[in-house]
Amino acid sequence: MNWFRPGGVWGFILRRLLLGIVVLILVSVVVFLATQALPGDPARAILGRSATPASLAALRRQLHLDRPVLDQYLTWVTGLLRGNLGTSLAAQEPVTTLLAPRLVNSAVLVALAAVVSIPLSIAIGAWAAFKREKAFDTVSSILLLVLAALPEFVVAVVLVILFATTVFHVLPAISTVPPGSRPWNNWLALVLPTLTLVIAVAPYVARIMRASMIEVLESDYVEMARLKGLPERTVLVRHALPNALGPVFQVIALNLAYLAGGIIVVEYVFNYTGVGGALQQAVVNHDLPVVQALAVLIAAVYVILNLLADVATILVTPRLRSRL
Amino acid sequence: MSQVSGVAVPAAEVAPPSVRGTSLLRRALRLWRTRIGVVLVGALVLLAIVGPYVAPYGPSTPVGAPNSTPSGTAVLGTDYLGQDVLSRLLYGGGSILAMAVIATALGLIAGVAIGLVAAYSRNALDDILMRGMDVILAFPQIMLGLVAVAIVGPHAWVIVVAIALTTAPRVARVARGAAQPVVERDFIACSEAMGVPRWRILSGELLPNVLGPLMVEASLRLTYSIGVIAALAFLGLSPNPNGANWGTMIQQNEIVLPVQPWGAAAPIIAIALLTMGTGLIGDGIARTAAGIDRARGEE
Chain A
207 MNWFRPGGVW GFILRRLLLG IVVLILVSVV VFLATQALPG DPARAILGRS ATPASLAALR
267 RQLHLDRPVL DQYLTWVTGL LRGNLGTSLA AQEPVTTLLA PRLVNSAVLV ALAAVVSIPL
327 SIAIGAWAAF KREKAFDTVS SILLLVLAAL PEFVVAVVLV ILFATTVFHV LPAISTVPPG
387 SRPWNNWLAL VLPTLTLVIA VAPYVARIMR ASMIEVLESD YVEMARLKGL PERTVLVRHA
447 LPNALGPVFQ VIALNLAYLA GGIIVVEYVF NYTGVGGALQ QAVVNHDLPV VQALAVLIAA
507 VYVILNLLAD VATILVTPRL RSRL
Chain B
29 MSQVSGVAVP AAEVAPPSVR GTSLLRRALR LWRTRIGVVL VGALVLLAIV GPYVAPYGPS
89 TPVGAPNSTP SGTAVLGTDY LGQDVLSRLL YGGGSILAMA VIATALGLIA GVAIGLVAAY
149 SRNALDDILM RGMDVILAFP QIMLGLVAVA IVGPHAWVIV VAIALTTAPR VARVARGAAQ
209 PVVERDFIAC SEAMGVPRWR ILSGELLPNV LGPLMVEASL RLTYSIGVIA ALAFLGLSPN
269 PNGANWGTMI QQNEIVLPVQ PWGAAAPIIA IALLTMGTGL IGDGIARTAA GIDRARGEE
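If you're matching them up, the sequences are chains A and B in order.
Going from the first sequence to the working numbering is simple: count from 1 and add 206.
Going from the second sequence to the working numbering is simple: count from 1 and add 28.
Take every hint as true, because none was put in to throw you off.
For the chain A half of the interface with chain B, some residues (derived, Cβ under 8 Å), not all of them:
1. Val233
2. Ala240
3. Thr241
4. Ala354
5. Ala355
6. Phe359
7. Val364
8. Val366
9. Ile367
10. Thr371
11. Thr372
12. Gly467
13. Val489
14. His492
15. Ala505
If you are wondering where the hints come from, they were derived from the structure by calculation, not from laboratory data.
Source: prediction; values computed, not measured.
Glycine residues also receive a C-beta, built at the ideal position from the N, C-alpha and C atoms.
Work the whole structure out from these sequences, hints included.
This is how it looks when you write it as structure tokens:
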């Protein structure tokens with residue numbers, strides 16, 4: 207099987223996978239060094255100036271600060287790999303129990319945003335390319351440009367003003383998921399957070415899709431398909447669309463990874479019970495174990511999605527595949 | 029025609045059609061979107077700079093009952109503490125703008141240096157630098173900002189350094205990508221053969237030839253920096269908890285939207301217009317650099 211030779215597809219995936227693991231290890235080292243081994247005393251930073259010597263000593267023991275740095279790191283990383291993320295200082299609960307339900311909630315939100323935004327933006331981009339320089343293209347390109355420039359929290363608060371408070375009162379402004387409940391039990395509350403994330407992501411994907419589709423529509427094989435007398439629908443859906451999707455995968459994955467950061471702000475605005483909101487709270491409360499766990503978790507999601515993007519791009523682009 | 033000039037003429041033709049920074053900007057200004065962007069950014073920058081001098085009240089002066097709607101004394105009403113919304117709006121842009129510009133500039137300088145050195149080295153240094161950038165890229169911008177603030181505290185310099193740190197790898201990727209084909213060209217080899225020092229090749233030969241993509245990236249990065257810095261303030265992490273800051277204002281007055289929308293709406297409009305402006309300028313430069321729409325813009 208020449209697929210397994212060093213230059214083959216599997217060789218590439220293996221190399222990319224190893225690189226991803228190296229990046230993740232470095233990420234864990236950076237997070238650990240930044241949060242725990244920084245010059246200065248993390249225990250004092252957490253407890254503040256008014257801390258008593260006894261409470262400082264107790265916290266140092268809890269954070270294993272009384273042991274050598276390498277020892278601390280290895281304890282932390284092995285715990286991380288076993289799913290033991292330490293104890294939250296604010297809630298005095300294991301970080302895992304604290305974050306597990308929130309992780310599900312955030313995953314639901316991101317998945318929902320992806321399911322809505324990806325087909326929508328591909329359709330908008332493809333249609334704008336097909337109607338190039340016509341009214342739909344001009345209007346959608348200006349609109350997407352403006353939406354892409356807006357920070358998510360601005361979009362979120364504008365949506366709250368429009369649909370939840372000042373203009374209309376049709377949707378809830380607060381999307382808290384009560385303990386024991388699931389996000390989809392109150393789907394109305396999911397509308398505005400999802401819409402915010404869709405608006406944050408869709409413009410980029412749509413613009414890349416438009417550019418890619420224009421390139422494909424000008425290619426010889428699309429010309430050929432048209433000259434053969436195929437109906438325009440078939441030319442678009444069967445010949446142009448699949449070939450235009452290659453470069454879009456990369457951007458979709460990058461934007462899903464971007465959502466991992468975007469949920470921080472969106473969950474805060476809507477008071478949604480997820481990991482993004484948890485990170486904001488942990489930062490305000492100086493809850494270092496939670497900050498560490500979430501930083502590594504969100505970074506891991508980011509790295510994995512980028513990895514998938516690279517692999518998917520290679521697999522759907524035969525030209526790149528043969529050039530490896 | 030002498031032998032020397034016979035050699036020199038094709039050599040001049042080989043040099044890439046370098047679009048110098050100023051002429052790119054001038055050409056971009058022929059597009060309406062760039063002009064609108066420049067007007068928006070200019071107006072908001074003016075508002076942020078002149079604002080504190082023309083504000084009717086101080087940023088923290090109580091002028092009336094909390095959450096009162098617009099009136100003669102307070103044109104945009106008062107906020108949740110009874111402070112004048114208009115005055116806080118006029119005071120609140122400076123810190124965001126200054127922090128965003130400094131952070132973006134630092135990130136650009138570091139990113140361009142790293143990207144050009146990586147592209148020029150063509151050896152293991154390239155791999156080491158770019159994998160290092162990958163590690164930073166694994167952290168979403170806003171998350172790195174949050175973590176930095178969690179550890180060191182919400183000082184202005186911490187936020188600036190965090191944003192610069194997350195801007196640099198993104199710029200480095202663009203700079204390296206744009207410089208890679210240029211490094212292979214004959215005029216670089218020629219400079220090397222002439223013994224031009226490495227830093228002069230990087231700054232004098234390589235940099236001018238990658239300015240186009242870098243200017244597009246710079247405006248994109250500035251848009252993001254403004255967004256992230258305002259978002260951090262909105263999340264309650266700004267140097268001054270009750271400082272007049274557009275992000276802070278939105279956070280403080282979001283709860284009272286049904287009663288007095290202007291406390292949150294005014295700073296939202298300001299941030300939206302500002303980022304729209306930088307976005308439009310970036311798109312104008314990108315279109316000019318790519319040669320798209322040039323003919324239409326001249327109409």
